[in-house]
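Chemist: So you can see what is in the structure, the chains are spelled out below.
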Amino acid sequence: MRLGYAWAVFGKEWRDLLSNRLLLGAVAFPALIFAAIPTGLVAWIQVHNLDPNQLGQIQQYIANFPNVPAKLAAQGFIVTNFMAYFLLIPAMVPMAIATQSVIGEKVARSLEPQLATPLEVPELLAGKTLAAALPAVTATWLVFVGYGLVNGAIADERLTRFVFSDVWLVAMATLVPLICLFSVLLGIVVSSRVSDPRTAQQIGGFVVLPIIAVAIAQFFGGQATFTMQQVLIGDLLVAGLIGLALLIGAWAFDRESILTRLA
Amino acid sequence: MIVVEGLRKDFRALTAVHDMSFTVGDGEIFGLLGPNGAGKTTTVRMLAGLIAPTAGQATVNGHPLGDQTQEIRAISGILTESPGLHEKLTARQNLAYYGRLYGLRGSRLRDAVNRYLGVVEMSAHADRRVAGFSKGMRQKIAIARALLHEPEVIYLDEPTSGLDPSAAKTVRDFVATLRTLGRSIVVCTHNLDEAERLCDRIGVMRGTLLRVDTPAGLRRHGRAPTVRVELNGARGPESFLDRLAELPFVTGVKAADSTLVVELADPAHDTPDLVAALVGAGARVTAVAEDAPTLEEAYLSLVGEHGERDTDR
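Protein chains in written order, with my numbering: chain A, 22 to 284; chain B, 1113 to 1425.
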């Protein structure tokens, strides 16, 4: 793998992305929504000085936050429980970018001239993967930092500590990039076989289902957030899926079948 | 120099091309002429290292296909059937990107981009996004892209498609100058006029090469060259048929109304002798015109002889 070639592809993809406002919106919007909902709830509890006894079901989860006032415990639960949905950002955003990138090039027939150069397919895919993953990882990290700081500022600085816990720092550093990479690879595999971005995104959209399932299971299990063990298991699981996706990707994205399957 | 021997490409049960053998010398423009689905693009894709042949072999400037495909890609420039530009990028950004993929960096890259933007007369539009370009403008940028890295071997698939006559002439003239620089050039085209004007030799293909020859040689394939002789006088053209049949350079003759249609081996050389013989026999000749066979006749004759193919590769 020659990095200069992958870097050239990355540069082109990045320019392409920056000029696509719709796609940039698709990057920013989910990240902001996932952060805005719990932050709004925290602010609402803070402004209305809500009695946690009125919060019904949430009361049973407040036990996760011993030694803090009930109102802060409720806010802490909301803040940390919603963070599982942050994992949807690296799952959804790069998928949208990768499918748009590959299928867009298939439709525009711009893959053939690129493949006619000395560029190798792994270099092409590395450039595309980096370009699709970087905005998603950056968006997730920015939202994570902003989320912790804003909630601390709105309510109590201890909320910032709940957000920037060891578990979530590790999850952000490992699980987010891994999910991103898996999402991009899945997007590329699916895109190499279909010619419509919407179809690709619908097929690839299944990647978000396990994450939603985990978030829901966590809520109904009475768990405020992930444990370190769960994060590490998640890392291993996603790493295994990446290996599988790489194998399938190498088969699906070969030079000849891309050219002869062009839309 | 390109040397192709017995090249074949199968797509599952479908044979796109087979038994392709030809050479393209340095400084030669070789045309691949054929109907849709004849296998022109497949042939070029194999030679450019984009797809692997099923059988046969080829060398491109001494690099064998298969073993040194990367080297072949590095010395080849290809104008694809569709320009395939990156719509959101400017013309300059498109060319700079491909320049990098061909290993150009720094001032070499900048100079090459500026030079070829000038060659295709697109300098004034260099910093506009390709999305707003006409078909002809896109084609010009795609041509610049194919030549940016000074390739030794150039494949041009319908190079003047979408260009106005003036721009098409500019491109043809430029391709001709590439010949003088010793590049080997393969041109795929449906445009018979373009093939005749541009190519040193033409390969007519339909799944395989049906015939390779110079444009003049191909024209002769359609039918023998003929001369039409208009007569005016009491004697009808039929009365000269016996006399003409005696002439050794006449290979065939027909009479119609007041006209004789005479097939000659070499009209440029034999026409004066033909006229002299007719006048000597008492004919009153009012007009003589060569009725040269066209490349179109030769092409249709060749392609028609080999039947229809139902592929579209």
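These aren't lab readings, by the way, just hints derived from the structure by calculation.
Accuracy of the hints is not assured; some may be wrong.
In silico SDA-like links for lysine to any residue, alpha-carbon gap of 25 Å or less [claimed, not checked]:
| # | chain 1 | residue 1 | chain 2 | residue 2 |
| --- | --- | --- | --- | --- |
| 1 | B | 1200 | A | 92 |
| 2 | B | 1200 | A | 135 |
| 3 | B | 1200 | A | 129 |
| 4 | B | 1247 | B | 1217 |
| 5 | B | 1366 | B | 1399 |
| 6 | B | 1200 | A | 50 |
| 7 | B | 1200 | A | 280 |
| 8 | A | 92 | A | 128 |
| 9 | B | 1200 | A | 263 |
| 10 | B | 1200 | B | 1178 |
| 11 | B | 1247 | A | 281 |
| 12 | B | 1200 | B | 1182 |
| 13 | B | 1247 | A | 40 |
| 14 | B | 1200 | A | 220 |
| 15 | B | 1247 | A | 92 |
| 16 | B | 1247 | B | 1176 |
| 17 | B | 1200 | A | 58 |
| 18 | B | 1200 | A | 32 |
| 19 | B | 1200 | A | 142 |
Some chain A residues well away from chain B (every beta-carbon gap over 12 Å; in silico) [to be verified]:
| # | residue |
| --- | --- |
| 20 | 26 |
| 21 | 62 |
| 22 | 132 |
| 23 | 145 |
| 24 | 167 |
| 25 | 227 |
| 26 | 232 |
| 27 | 236 |
| 28 | 244 |
| 29 | 262 |
Only a predicted model underlies this, so the values are computations on that prediction, with no experimental measurement involved.
Where is the CB? At the ideal position from N, CA and C, for every residue including glycine.
Chemist: Would you list, in rising numerical order, the hints stated earlier that this structure does not obey?
Modeler: 1, 4, 8, 9, 10, 12, 15, 16, 17, 20, 22, 23
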